[in-house]
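Numbers given in my numbering equal positions in the sequence shown, counted from 1, plus 190.
These aren't lab readings, by the way, just hints derived from the structure by calculation. It cannot be assumed that every hint is accurate.
Listed below are the simulated DSS-like cross-link pairs for lysine-lysine, each with C-alpha atoms no more than 30 Å apart in a straight line [to be verified]:
| id | residue 1 | residue 2 |
| --- | --- | --- |
| 1 | Lys1158 | Lys1266 |
| 2 | Lys1014 | Lys977 |
| 3 | Lys1014 | Lys1042 |
| 4 | Lys757 | Lys812 |
| 5 | Lys977 | Lys1042 |
| 6 | Lys1063 | Lys1014 |
| 7 | Lys977 | Lys1311 |
| 8 | Lys1248 | Lys1266 |
| 9 | Lys725 | Lys661 |
Distance ranges between label pairs, derived from CB positions [claimed, not checked]:
| id | residue 1 | residue 2 | range |
| --- | --- | --- | --- |
| 10 | Thr790 | Tyr665 | 17 to 23 Å |
| 11 | Pro854 | Glu1169 | 33 to 39 Å |
| 12 | Lys1042 | Thr1233 | 16 to 22 Å |
| 13 | Glu1146 | Pro1273 | 28 to 34 Å |
| 14 | Ser1310 | Asp1281 | 17 to 23 Å |
| 15 | Asp1161 | Ser796 | 55 to 61 Å |
| 16 | Phe1187 | Asp1161 | 55 to 61 Å |
| 17 | Asp1281 | Asp1161 | 33 to 39 Å |
| 18 | Gly1229 | Pro854 | 49 to 55 Å |
Where is the CB? At the ideal position from N, CA and C, for every residue including glycine.
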Amino acid sequence: MADEESSVPAEGEMEATQTAEPEGAPPANAEGQPEPEAPETGDQGPTEPAEGAEKTEEKTEEDKPEAEPTETEGTKEAPMEEPAQEGETEGEKPPTPAGSRPASQAGSDRGSKPPTPTGSKPGTPQGSKPGTPKGSKPPTPKGSKPPTPTGSRQGTPRAGSREGSARASPEGEKPGSRPGSAGKERTGSAGKERPSSAGKDRPSSGKDRPPSAGKDRPSSGTGRPSSGRSRKSSAASQKSARAGSAGKPPSGKASPVAPGDQSVEDTNPTTMGGRYTPASRKSETTEEPIPIDALNMVWSFGLNKRVPAINMTDEQRRLVLYTCAHTAVLYDYSNNTQKLLQGHCNMISSTCVSEDRRWIATADSGQNSMVIVWDSYSCIPVQTLFDPHVGGVTTMAMTPDAKYLVTVSAAQTQTVAIWDWTTESDAPICQAELDPAYGHQSYILFNPEDPTELVSNSESQVIFFSWKGGKLEYYAPELDDSTFNRAVGQYSQSIFQSNFGTRAFTATSVGNIVVWDSKRPSSEAPASSNDATKKALKLVRLQDRAITVLTTTDSYIVTGDVMGHVKFYDDQLTMINWYSEFDLGPVNALSFMYMPEFITDVAESSDFPPDATIAASKFVVKDFIVGTATAVMGHVRADGTILDVLLLEHDAAVHAICTHPTEPRLCMGSYSGLLKIWDYEQKEVLVSRQFDRGNMIRCVAFDPTGLILAAGFMDGSVRVLDALTLDDEVSEPFRYARDSVTHCCFSHDSNFLATADADFTVSVFRTGRGQEEEAWVYLGRHRAHYKLIESLMFGMELDTNQPRLLSLGRDRVMVEYDLGNSGKDDLRLLSQDRIEQSAVPSCMAWYPPVTKESFIVTANSQYKLKLYNTTTKMCRKTLLGPTYGAPVQKVSVLPTTGSPIEYRHLAYITTDKVGLHILPADGNPHKAMALIAHPTGVANLACSYDGKYVFTAGGEDCTAHMWSVSLKSLDAACSLGGENLIPFYGLLDGGREGEFFRELEDYFYYAQIRSQGVDATIDREVSTTIPLSEVPYVMRALGFYPTEQEIDDMLNEVKFSKYVETGQYVTHIDLGDFIKLYINHRPAFGLSPIDLQKAFEILGIDSEDGPAIDRGSLLDLLQSKGEHMTEAELAEFLTTLIGMNPEGGSSELGPYDTDQGTNMLEDALPRDFTAVSFAADVLGFQLYAPLTARPTTASTASNTAEDL
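Work out the full structure, taking the sequences as your base and the hints as a guide.
Shown next, in the form of structure tokens:
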């Protein structure tokens, strides 16, 4: 459903993306050239200039009248005035990329190539061919067209491609089989369809960074520049385009609404069809545009400490780049806003940027990996490299001029590849395979003065590379402790020394710096090109502690170490200055702001610290950021040595999240012991508490009043805290559990607190009574399960409003506790009901009152949702659940305010996805959607009190994501799937016109004949229904063999379907209801030979032909385990299966002789059975899957003999 949601955009949505060309021509630049328009990002070619555009082309800034709103198809926009920023003067206008065409020419030069710059093309390695990415290029020389993603789907993840946060294809469908599905089909791929307007201009050296935006810029982080073009983007480009733009363009004056300048109080940016358009004056319409996706990520809490952060700050914007799970974040720390770069479907493993911070490259590792190049101003992907390496990318780097990328694979046998991402080629320029003996290369860097040289290192080996003419050569110099008779240590990072030709440095874990240089006689001149043969010249001892970061800034060599110290050295490795008072933790990232014309001569009034030389001169460096291994990020202002902590996040797994019942607050706890409460609307931390190390927070819960917070810890302790201050409400934590506390919840009246632990036990606490008791006291505990408890929840009695407590475990038992009759140390049980036969339940929740009957909804490992009567615990409905890669792991009914009672939705998570489901559930697959939330696994789910947001915790990725909810998008997508039986026809093989449906009709009508007697001679009654007694026979005829329990569930589901409304039983079923019943009850993906093989592995004994079961044991198991089967029934079924009784004992053609069947079995059945022989000789089919294969997602196969 989610795929169809993106693949069938309304025509109006497409037209709505067209925006008008702004009136007036841009001012001239310093060379007298006209300044260009904002980058064009449409996919449809230029539209006609807005009315009046040519007439106002030659007007000056002073003569230009105030722009009037220009109305285009589906969009109204007008320039917005913004106060001049500090240092700006009246009349200044933000410059735009040099060499662009004026707006008046945008329509006249359609399809023409941009002018080619004359002169040399600096910054390009020898032997490379010129070229730029079509659609959006690195910094271009004067006179060339600005880097603009134009053309069809340029640089975006391909249509039907593996987009990162893209919708997930329902399990069982072929990749790309549905429009917009996240499969492997790569139609419209990046780099394939290129517009002719992208010329052959090679990128410049990157020193003169062209501004990104002109006058009309997107007003939000999820938009694209206004270009006057209509963009019909692919599913992935629509997803990635929401990443938006970050920061102001480099100009003297801010643009009308500069991207990234919105404060947290700003309202949602203008959108049209899910794609954001430039901000306009207040629109006359009051309707809010509907996003394409029902869930849209709007904020990410936390950061990936394993990927170093990068300082994107320059003179115009204050940004830092870091990653959260599969999303890259451009964080504007001056305005507290985020721009999210979404496109990967795996954890991002590496990032790099160009020297001028214009271009960002992100890469991931894993299956279906990608490298995506982004424009940091528009946040639009301009190039995508699919599957650059087997297993993905572990590290990469970009040349300063942004023309070339180098990637290192994550496979055991690593490959290094160099890419010219500005061309159409999907293949690298050159690549080389490394010897696994060199260790896992985790760091690589271009020589900034000669991009044909590179250096990489693992913990044990440094490798130098040289490439030219499509050939990559490398040299791995030897160095061990015997070389200099000193301990070398493990390598961390390597750099090239500026202004010293080919000299390089490598930092080590024992505080050493290894100095490398070309392997040549001393009398020769220094080598300057393509010399990868180097040797270690010396080993310099800088300190005792490990050096974790090695980088350069201006003329300094900078180190960061495990003590959190940052030290600056000159070219001779003499210390110039150091910072030791930050106390942020072990440094793993150092990045300086971009300032090409940095002036070290400062006024005497400045507060730069003195350096460590005798002269004690002012130590003037650029501002920089420090990232640490404890997930802390600080910004250092060199003038005054002021440290601002930008981020203080969780550095261990995040499983505990919950939301406030009445306020916009999110509580997060992690295994690091950090507990934080966020105001998720203002994006501010309200209060936090750091528990001692070892106090790993596993679960948290607010009480219904929002005044109390309970926290469960991995050591089994439970703390009750004040929700405002996080102070303890009880003097000592409760320590009754013997294992980690996995669940905690409060009753609706806040009088009871219940917890479940990994020791399969439920504990209950109550509020204190009187002055002699504490605020909370222990009531009792009961071990009612013998497997892990999956869900714990409180409810209310229908008549008395007294609290009810229920738990559900992997043992398939739902337990209800008798709170009213329980006393001190005596927690009693009210009922225990086994609710599943073979599937394993994963969660439960109270079904909202969308029906007259009260239900509990559960999800299980067989992709089913089941509704149970809250009083009798009878299974009342079985429904096909979401089938997005893995079964549902947790559900939560989305709260609603002011909506009709019947208009409700269910939020859910699977192994790695988050989704929404429309209620009431009926098995319609179009009622559900899902997006990749956390590639390494979703650990928890929470919904905001008003239902506007959904939060997911990523567990091991140490992050949590905030998703905005658009229910209208989900409803619209569901309506596109059809009404009544149309969605269910699509789930039948061949659909409504297929052979299977015709066969189903034949069976259905034959059942009418059978119910009236096959041999009857009286006139038959023709109807559209069959008796319920015929349902099992039709199901078996269709190939679905339900158990007796499943048959009872099916018949009861139909029989009581109208009992609450009419008080009568249903005794017949029509064809439409039968189709729904069949689809909802049959196995979601059919029977798998893997399940049969796994059963023999568990129950059998190893033999030469594999696990085997002897005949006697098999017959005994079939009669004694599972549903009871008599010897006569077993003989009947087996003789029918092996062909001795083709019609079976239930046939209308005659009776069955059980004695004869038993005697026949002894002669016909072999002595021993293997999975292969049982399938071929008894079941009558061959195992068509390898016996060693295993499903990649959770399957219906059980794990123990008992489960079978």
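Report task. For the pair we were handed, Lys977 and Lys1042, check the Cα-Cα distance against 30 Å. Result -> Violated, because 34 Å separates the two Cα atoms, which is more than 30 Å.
Requested in this report: Can you let me know if the beta-carbon spacing of Ser1310 and Asp1281 is within 17 to 23 Å?
Outcome: Once the Cβ atoms are compared, 21 Å apart, the range 17 to 23 Å for Asp1281 and Ser1310 holds.
Query - Distance restraint hint 28 to 34 Å, applied to the beta-carbon atoms of Glu1146 and Pro1273 - result: Check passed, 31 Å falls within 28 to 34 Å.
Query - Distance restraint between Lys757 and Lys812, which requires alpha-carbon spacing of 30 Å or less - result: holds, 14 Å
Report task. Decide if the proposed pair is consistent with the structure: Lys977 and Lys1311, CA atoms, cutoff 30 Å inclusive. Result -> Holds, at roughly 20 Å.
Query raised in the report: Measuring from beta carbon to beta carbon, are Asp1161 and Ser796 in 55 to 61 Å?
Result: Hint holds: Cβ distance 60 Å, inside 55 to 61 Å.
Query raised in the report: Does the Cβ distance between Gly1229 and Pro854 fall inside 49 to 55 Å?
Result: Given range 49 to 55 Å: holds, Cβ gap about 51 Å.
**Report entry** Assessment of proposed distance window 17 to 23 Å (beta carbons of Thr790, Tyr665)
**Finding:** At roughly 37 Å between Cβ atoms, Tyr665 and Thr790 fall outside 17 to 23 Å, so the hint is violated.
Query raised in the report: Within a Cα-Cα threshold of 30 Å, do Lys1248 and Lys1266 meet the stated pairing?
Result: Cα-Cα ~16 Å, so holds.
Query - Verdict for Phe1187, Asp1161 (Cβ pair) under range 55 to 61 Å - result: violated, 28 Å
Report task. Mind checking the alpha carbons of Lys1063 and Lys1014 for me, to see if they're no more than 30 Å apart? Result -> holds, 28 Å
Query raised in the report: Is 33 to 39 Å a correct range for the gap between the Cβ atoms of Asp1281 and Asp1161?
Result: At 37 Å between Cβs, range holds.
Taken one by one, the earlier hints fail for this structure at numbers 3, 5, 10, 12, 16, listed in ascending order.
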